[in-house]
Amino acid sequence: MESLLNSLSATIIAGLVLTVILVFVIHAIAA
Amino acid sequence: MELVSYDWWTQFFRWLHVISGIMWIGHLWYFNFTQTPTMPKIPAELRPAIVRYILPEALFWFRWGAMATLITGLILAWLNGYLVNALKLGIGDHNGKFTAIGFGMWIGAIMWFNVWFLIWPNQKKVMGVVPASPEEVNAARRTAGLTSRVNTMLSVPLLYAMVFAAHFY
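Each protein sequence line maps, in turn, to chains A and B. First residue of the first sequence? That's 1 in the numbering used here, and the numbers climb one at a time after it. First residue of the second sequence? That's 1001 in the numbering used here, and the numbers climb one at a time after it.
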């Protein structure tokens, strides 16, 4: 986790991955 | 026609919320995209200029931007009538707007907590506002830096949830 956060680009990619997961979670809850 | 209507206040707090949010996340991204990666490249004798002059000012607008964003966001959700629906993530409501804005609110609240209870107390040690040993300063710098990176990571889905909630539904 720390090595991921030490890299800015890895941090942004993790944020994008979380966003994609969030889209599916929102659709699942709202359905 | 009412001079100051409900709609007027909603728009006013939405505007304040967006402005405060830019003040907050703008500084967060300044720290992570500009200041932190550049610090190792700055000659040692020049670094105090950043730590003593730029950093305290940036942290002032950063943490109060976070506070203003949280407060205006809660007021806005209350004025919109969906504060409770959003806080329970729209579960049972079958309304994607409540779910999306709710996730945005919870992510934002976690980030606000990180600013005020992890980043700021540790940065005070780094800046020498609070007395600390060199070991404590190093530990504080690491904790503040990692928490700042966590918030940068969370800002990506946060902004998606906020804008998605406002424009998709």
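If you're looking for bench data, these hints aren't it; they were derived computationally from the structure. Incorrect hints may appear among the rest.
[To be verified] Going by beta-carbon spacing under 7 angstroms, a handful of chain B positions derived as facing chain A:
id, residue
1, Leu1079
2, Gly1081
3, Thr1099
4, Thr1152
5, Val1156
[To be verified] For each label pair, taking beta carbons as the anchor points, the in silico distance ranges come out as:
id, chain 1, residue 1, chain 2, residue 2, range
6, A, Ala31, B, Ile1110, 20 to 28 angstroms
7, A, Thr19, B, Pro1134, 37 to 45 angstroms
8, A, Val23, B, Pro1134, 44 to 52 angstroms
9, A, Ala31, B, Val1051, 34 to 42 angstroms
10, B, Ile1054, A, Glu2, 21 to 29 angstroms
11, A, Met1, B, Thr1038, 39 to 47 angstroms
12, B, Glu1045, A, Leu16, 19 to 27 angstroms
13, A, Val20, B, Thr1034, 48 to 56 angstroms
14, A, Ser7, B, Ala1139, 38 to 46 angstroms
15, A, Met1, B, Met1039, 41 to 49 angstroms
16, A, Ser3, B, Ile1071, 32 to 40 angstroms
17, B, Phe1012, A, Ser9, 34 to 42 angstroms
[As the list claims (entries may be wrong)] Simulated coverage check for chain A against chain B, where a stretch passes if three residues somewhere in it have a Cβ under 8 angstroms from a Cβ of chain B:
id, stretch
18, 1-11
19, 23-29
Note that the Cβ used here is the ideal one computed from N, Cα and C, for glycine as well.
Now the hints, each set against the structure:
1. Leu1079: It is violated, given that the least Cβ distance between B/Leu1079 and chain A is near 22 angstroms, above 7 angstroms.
2. Gly1081: violated, 18 angstroms
3. Thr1099: Constraint on B/Thr1099 satisfied, holds at 5 angstroms.
4. Thr1152: holds, 5 angstroms
5. Val1156: holds, 3 angstroms
6. A/Ala31 to B/Ile1110: 20 to 28 angstroms: The hinted range 20 to 28 angstroms holds for A/Ala31 and B/Ile1110, with Cβ atoms some 25 angstroms apart.
7. A/Thr19 to B/Pro1134: 37 to 45 angstroms: holds, 39 angstroms
8. A/Val23 to B/Pro1134: 44 to 52 angstroms: holds, 45 angstroms
9. A/Ala31 to B/Val1051: 34 to 42 angstroms: Violated - the Cβ-Cβ distance for A/Ala31 and B/Val1051, about 50 angstroms, lies outside 34 to 42 angstroms.
10. B/Ile1054 to A/Glu2: 21 to 29 angstroms: holds, 26 angstroms
11. A/Met1 to B/Thr1038: 39 to 47 angstroms: violated, 24 angstroms
12. B/Glu1045 to A/Leu16: 19 to 27 angstroms: Between B/Glu1045 and A/Leu16, where Cβ atoms are some 39 angstroms apart, the hint is violated.
13. A/Val20 to B/Thr1034: 48 to 56 angstroms: violated, 27 angstroms
14. A/Ser7 to B/Ala1139: 38 to 46 angstroms: violated, 21 angstroms
15. A/Met1 to B/Met1039: 41 to 49 angstroms: violated, 22 angstroms
16. A/Ser3 to B/Ile1071: 32 to 40 angstroms: Since A/Ser3 and B/Ile1071 have Cβ atoms about 36 angstroms apart, the given range 32 to 40 angstroms holds.
17. B/Phe1012 to A/Ser9: 34 to 42 angstroms: Given about 38 angstroms between the Cβ atoms, the range holds.
18. 1-11: holds (count 5)
19. 23-29: With 5 residues closer than 8 angstroms to chain B, the stretch 23-29 of chain A meets the three-residue bar; holds.
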